[in-house]
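Chains as they are written, first to last, in the numbering used here: chain A, 1 to 467; chain B, 1001 to 1280.
Worth flagging that the hints you see were computed from the coordinates, not collected in a lab. Computed from a predicted model, the values in this text were never measured in an experiment. Be careful, since some hints might not be right.
Partial list, computed: chain A residues near chain B (C-beta under 8 angstroms) [stated by the list, open to error]:
#, residue
1, GLU119
2, ASP122
3, GLU266
4, VAL300
5, VAL301
6, ALA303
7, PRO318
8, ARG324
9, LYS326
10, SER330
11, GLU346
12, ALA398
13, SER441
14, PRO456
15, GLY460
16, ARG461
Ideal placement from N, C-alpha and C gives every residue a C-beta, glycine not left out.
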Amino acid sequence: MAEEFIRRDVWSLSSEDPILSSYARAVEVMKERSEEDPTSWSYQAAIHGSEAEPALALWNQCEHGSWYFLAWHRMFLYYFEQIVRAAVVETGGPEDWALPYWNYGLNGIKASLPEAFREPADESNPLFVEQRAPGINEGAMIPPAITSDAEALSRPEFIGAPEFGGGVAPPHERFWNETGRLEQTPHNDIHNAVGRGGWMANPDEAAKDPIFWLHHANIDRIWATWNASGGANPADGEWLEQAFEFFDAEGSQVAKTCGEVLDTMEDLEYTYDPAPGECVTPEPGPEAAMAPPTPAELKVVGATAEKVTLSGRAAEIPVEIDERAKQEVSAASSESDPRRLFLNLEDIEGEVNPGSVYGIYVNLPEDAGPEQLEAHRAGNVSFFGIERARKPRDDEHAHGLRVSVEVGNLLRSLSEGDRWEGEQIDVTLRPLALIPGEGQSEEAARELESFEEDPPIDIGRVSLSVG
Amino acid sequence: MRALQLSAFGEGDGRFADTFRTIGRRPTLWVELGVVAAWIGLALTSGDPRADGHSPGGPLWSSDSLWVCIPGMTETHSHAGGVNASGLSVSSLAAGLPMWALMATAMMLTTAMPAIRHVAVNSLYWRRRRSMLEFLAVFLAIWVIFSAVVLGPLASWQPASSAALLAGVLALAALWQLTPLKRRALRACHRPRALPPHGWRATAGVAHFGLTNGGACLASCWAMMLSMAAVSSPMLLWMALFTGLITAEKRTLKPGRTARRISALLGAGAICAAAFAAFS
């Protein structure tokens, strides 16, 4: 039997654990390599994205807003891990080294950046990066609304923007607008929470931060968990046979198809500790009840007439339901009705990703407390990659982003509590702040809640659809 | 933008029924049928032996040239050169409008189906058909006006050598394919817009999208369409060829690369036409 590599939870390791100290040494070795060496740190990061010109072979390849997102990043990590392992062995580290993962979904202290990545906070630590969100390097914790994988894991289907793995999109369109629920939360939201104003929030720089790889190992683990709990990957040949290219530890160009990376153990000889099938079932999220698959054809039943501009403050957006569709919407929100309701944020544009993560709330009362906030939350929206969607590379099309969340269960529960009467729905977008870590000053805590310098983001339309 | 829907056909006896149900549910089905009808209409009229420009049934085209009939000309033009006897008038242009509209429907709507689908699925359900009609009216008007005002007069012009004219417009089209303006216009063809749901805002929003999408389509394809004014029979084949080329560059995953390849093709055509003009 081939050797088995085990990816472990970074919070289960001490800062001196050989897995982390070897990783730090390997990062240092890779940073010393020529920038034109495909196994160097900067080259590997540029495969995800880089603003540098001219682009070298296989730069700017990352797949986002697409059903290829998960498979492409699994391959990316697989070959990166081989390159790092070779560097680890070269520097006398363990031969069975495997990339750790950061399971921020365990919340509390585990939702703060692991210590090895922030201390010592200077150049002597290859895992430290200064260009991170305010407070992150001081131990601020990411709130559960951002770290939770519950909504993603509750999706019954892989294919579809409101589903687990993302909607059908052309290959090599690096920021399409078919973002799946796992890609949105926690993936995009964690990028912003860790990198607001820094590297992780920018796809052209994100992979330069050593925590990027542990974040993606966690996303990969959540995919394996969803599979282990019965979630089925696409059976479509267009997806299964789509190949992507990378560099291996020898610097040779190699390729794999999506169909060749479905089983981490059988196909790629690694697993997670604990094994994905043994994971504790997460607490239900906002739309956690297992729903039927997304219908192919949705009908728009209400929408805003004007664009909304977000600039760091809460925004209230009334979405009028069309008179002729009110009965249909009310009926579709009842438990016995198989139809489903989706809230869509369409044609989202902006020059720069502000790095904020907004909670999407429906009919939120004024001065809502934490429990009410969670009871009214439909999901999150953040804008990772918005720069690339607006000004794509090479031969790609420019377009706005789009986020869809299912709101049928939420509207039903609001209706049962007399907080929605089948009329217009009031959508509120509120920025989600980090939680101050132990010992952080009050001033630092206030800074975590300050979003007023955010560059503007336009949302072309907010709509409600049924199908 | 690519229309991406996975097939969800079941196995067994219900497969074909499911297929038909899926097709029947397409919100753009009636537009697609209209496009097919327009192509059939073009095929029938181009094959009409009466189509010599004298038909009382309205403007048709001859087997020799589409253009002499479309603007309502009363004389067919000769490739030997000369000036059209009747010249152009407002009434002759107006008489040609139905045929321009038929040609624009067949050719340009084929290439614009993703934009039409965007209008359909993003309008309020009960307003879908109306929104599509509003979009089509603006989009087609742009092309009909361009055809009547630019292509008509160009087609009526009788140079000493029609092969030289063809070489010139093909060369112009080949060069346009390589310009940054063309690239920008082609990108704009793919850009969907959020549409307001109700009332005059909805009409204005759809009309604005028709204008921006149709304008981008015109800016992207005008040079290729200019070539249509210089080609001779069989017209239907030329129309199908140019529709295929424009659809390819609009729908392909690498539009810039496709535009460059089409430029090479048009350039080769220009050289062939120039050689023919020189040796004939």
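Going through the hints against the structure:
For A/GLU119, the suggested interface contact is broken, since its CB lies about 46 angstroms from the closest CB of chain B, more than 8 angstroms. The criterion of a C-beta within 8 angstroms of any C-beta in chain B is not met by A/ASP122, whose closest approach is roughly 45 angstroms, and the hint is violated. Because the closest C-beta pair between A/GLU266 and chain B is about 26 angstroms apart, greater than 8 angstroms, the hint is violated. For the restraint placing A/VAL300 at the interface with chain B, the shortest Cβ-Cβ distance is roughly 5 angstroms, inside the 8 angstroms limit, so the hint holds.
Interface hint status for A/VAL301: upheld, as the beta-carbon distance to the closest one in chain B is roughly 7 angstroms, under 8 angstroms. With 8 angstroms as the threshold, the beta carbon of A/ALA303 comes within range of chain B, its nearest partner Cβ sitting at about 4 angstroms, so the hint holds. About 13 angstroms separates the beta-carbon of A/PRO318 from the nearest beta-carbon of chain B, more than 8 angstroms, and the hint is not met. Because the smallest distance between the Cβ of A/ARG324 and any Cβ of chain B comes to about 6 angstroms, under 8 angstroms, the interface hint for this residue holds.
With 8 angstroms as the threshold, the beta carbon of A/LYS326 stays out of range of chain B, its nearest partner Cβ sitting at about 12 angstroms, so the hint is violated. Interface hint status for A/SER330: violated, as the beta-carbon distance to the closest one in chain B is roughly 16 angstroms, over 8 angstroms. The criterion of a C-beta within 8 angstroms of any C-beta in chain B is met by A/GLU346, whose closest approach is roughly 5 angstroms, and the hint holds. With 8 angstroms as the threshold, the beta carbon of A/ALA398 comes within range of chain B, its nearest partner Cβ sitting at about 6 angstroms, so the hint holds.
With a cut of 8 angstroms, the hint placing A/SER441 at the interface with chain B is violated, because the nearest CB-to-CB distance is about 43 angstroms. Because the closest C-beta pair between A/PRO456 and chain B is about 16 angstroms apart, greater than 8 angstroms, the hint is violated. A distance limit of 8 angstroms between C-beta atoms decides the matter here; for A/GLY460 the minimum to chain B is near 3 angstroms, and the interface restraint holds. Interface restraint check: A/ARG461 against chain B, minimum CB-CB distance 4 angstroms, threshold 8 angstroms, status holds.
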